[in-house]
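Quick note, the sequences are listed as chains A and P, same order.
My numbering applies: residue 1 is where the first sequence begins, and numbers increase by one.
My numbering applies: residue 1 is where the second sequence begins, and numbers increase by one.
The hints are simulated quantities; they were obtained by calculation from the structure and are not laboratory data.
Don't take every hint at face value.
[To be verified] Mimicking BS3-like on lysine-lysine, the simulated pairs with C-alpha atoms at most 30 Å apart in a straight line are:
hint: 1; chain 1: A; residue 1: 123; chain 2: A; residue 2: 40
hint: 2; chain 1: A; residue 1: 46; chain 2: A; residue 2: 123
hint: 3; chain 1: A; residue 1: 100; chain 2: P; residue 2: 180
hint: 4; chain 1: P; residue 1: 100; chain 2: A; residue 2: 105
hint: 5; chain 1: P; residue 1: 52; chain 2: A; residue 2: 105
hint: 6; chain 1: P; residue 1: 178; chain 2: A; residue 2: 143
hint: 7; chain 1: P; residue 1: 52; chain 2: A; residue 2: 87
hint: 8; chain 1: A; residue 1: 46; chain 2: P; residue 2: 143
hint: 9; chain 1: A; residue 1: 133; chain 2: P; residue 2: 178
hint: 10; chain 1: A; residue 1: 46; chain 2: P; residue 2: 80
hint: 11; chain 1: P; residue 1: 105; chain 2: A; residue 2: 105
hint: 12; chain 1: P; residue 1: 62; chain 2: A; residue 2: 46
hint: 13; chain 1: P; residue 1: 87; chain 2: A; residue 2: 87
hint: 14; chain 1: P; residue 1: 52; chain 2: A; residue 2: 142
hint: 15; chain 1: A; residue 1: 100; chain 2: P; residue 2: 178
hint: 16; chain 1: P; residue 1: 46; chain 2: A; residue 2: 62
hint: 17; chain 1: P; residue 1: 53; chain 2: A; residue 2: 62
hint: 18; chain 1: P; residue 1: 46; chain 2: A; residue 2: 180
hint: 19; chain 1: A; residue 1: 53; chain 2: P; residue 2: 204
hint: 20; chain 1: A; residue 1: 133; chain 2: P; residue 2: 183
hint: 21; chain 1: A; residue 1: 123; chain 2: P; residue 2: 87
hint: 22; chain 1: A; residue 1: 87; chain 2: P; residue 2: 80
hint: 23; chain 1: A; residue 1: 133; chain 2: P; residue 2: 133
hint: 24; chain 1: A; residue 1: 105; chain 2: P; residue 2: 142
The model shown is predicted, which means the values in this text are computed figures rather than measured ones.
These are the residues of each chain, in order.
2 protein chains.
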Amino acid sequence: MAEVKLIGAWGSPFCFRIEVALKLKGVEYEFIDHDVHNKKSPLLLKYNPVHKKFPVLVHNGKPICESLVILEYIDETWEKGPSLLPKDPYERAMVRFWAKLLDEKCLPALRKACLSRGEEQDKAKEESTEILKFLEGTLSGKKFFGGDNIGMVDIVANFISYWFIIGQELAGLQVLTKEKFPKLDEWMDEYLNTTIIKENLPPKDKLTAMFKARFEAAAAAGGGGGGGGRGGAPK
Amino acid sequence: MAEVKLIGAWGSPFCFRIEVALKLKGVEYEFIDHDVHNKKSPLLLKYNPVHKKFPVLVHNGKPICESLVILEYIDETWEKGPSLLPKDPYERAMVRFWAKLLDEKCLPALRKACLSRGEEQDKAKEESTEILKFLEGTLSGKKFFGGDNIGMVDIVANFISYWFIIGQELAGLQVLTKEKFPKLDEWMDEYLNTTIIKENLPPKDKLTAMFKARFEAAAAAGGGGGGGGRGGAPK
């Protein structure tokens, strides 16, 4: 068995987080692309019986689950290479705070803005805008959320720079624009043009096709957007 | 201004987490008891404009929000005294995994089991049981989740040992019993009888009265339990 395996699903922003971190650290790994809809897969039942979700990082046979947990594990295990978290306890706390906010507040709001309709969508757009304003504020005077280099918050926020931009285009939204969020726009540009990101992002056309199918399924299900867009998505 | 201030609300298991951690570390602090329902409080707007929730730890004038983030901050800032997280990266990842699970899965399920009715309650009881089984499994051969001593998972799980037990009694549930979960039962006993915990827990009668009022409000609102029990609760 290879030392480091990443069990994930193609096109998942959660799995991409782990790939970026491993590549930044220069860690060799094997990517096992798994059917995201197979909740009874022996691999999942073996490595993540609690959540039955991807990504799972398997290091020397030991599984680590939940992308935020995996990112900190990678930073602590492969100390050489660029740090994903700063050294200062207060700055570390800020990184954890924003990473948590991105997953717990920002991502659900952006997803709902894309997948819901009517009043629910208006509310989600408003909530998304409010959260993006906070993010815009933290970028003041900085190239990346991590400062001069990509850090954990940048990696966690990758769903904004690529996945959401595709989603908002498909949904015909104008939530995140250069005019409304100039700093976030600059950040997206810097992030997406970083060699390691640019060379490894899933191709836009293939991702767009996947999203389109998801959007249609959500619309067919009533456009609630509650969890429709998740569709067994990894975490 | 005192060096360490904890802005919180009486009776909150989230604030109690921080109190336990500070006391274990021997850190002197001032507790500022805040009206949990006042979302426009200048203190909240100043220190936690994003979530507008407690607890907030203010250290040398700098605020840290979100109880899991605060616990790691305390462990990294006051390195002397007992460690809340182990040193080994894999064990640290496991602590973060369980802490996250407790907040994101276990707590909502237990709350719903107490506050909902009918089919929704049956489903919540089933989900609670499934999660508690995983927790029971991790206690195998250990006194505390942290091993021989109280660690971060024990502190995060405090809502099970005291708050939920009161809630399940009021709701007439038998979800967490000695017969079904002997290891969790032993753990609760050990945890609640640890001097630092025993001496600082909010009095049971006062907490019961607070819960009773909340249960009645939830029942009046239809017993949905979706978020009724939260009632602007801190995090």
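A quick look at each hint next to the structure:
1. A:123 <-> A:40: violated, 36 Å
2. A:46 <-> A:123: This hinted pair is violated, its Cα atoms lying about 40 Å apart.
3. A:100 <-> P:180: violated, 34 Å
4. P:100 <-> A:105: holds, 15 Å
5. P:52 <-> A:105: holds, 13 Å
6. P:178 <-> A:143: Between residue 178 of chain P and residue 143 of chain A the Cα gap is close to 55 Å, so the pair fails against 30 Å, i.e. violated.
7. P:52 <-> A:87: Since the Cα atoms of residue 52 of chain P and residue 87 of chain A sit roughly 27 Å apart, the hinted pair holds (cutoff 30 Å).
8. A:46 <-> P:143: At roughly 26 Å apart (the allowed maximum being 30 Å), residue 143 of chain P and residue 46 of chain A satisfy the hint.
9. A:133 <-> P:178: Roughly 49 Å between the alpha carbons, so the hint for residue 133 of chain A and residue 178 of chain P is violated.
10. A:46 <-> P:80: At roughly 38 Å apart (the allowed maximum being 30 Å), residue 80 of chain P and residue 46 of chain A break the hint.
11. P:105 <-> A:105: holds, 16 Å
12. P:62 <-> A:46: violated, 43 Å
13. P:87 <-> A:87: holds, 15 Å
14. P:52 <-> A:142: Given pair residue 52 of chain P, residue 142 of chain A holds - Cα atoms ~26 Å apart, limit 30 Å.
15. A:100 <-> P:178: violated, 35 Å
16. P:46 <-> A:62: violated, 43 Å
17. P:53 <-> A:62: violated, 36 Å
18. P:46 <-> A:180: Answer holds: residue 46 of chain P to residue 180 of chain A is near 24 Å, not above 30 Å.
19. A:53 <-> P:204: violated, 39 Å
20. A:133 <-> P:183: violated, 46 Å
21. A:123 <-> P:87: violated, 43 Å
22. A:87 <-> P:80: Distance ~17 Å between residue 87 of chain A and residue 80 of chain P Cα, so the pair holds.
23. A:133 <-> P:133: violated, 41 Å
24. A:105 <-> P:142: violated, 35 Å
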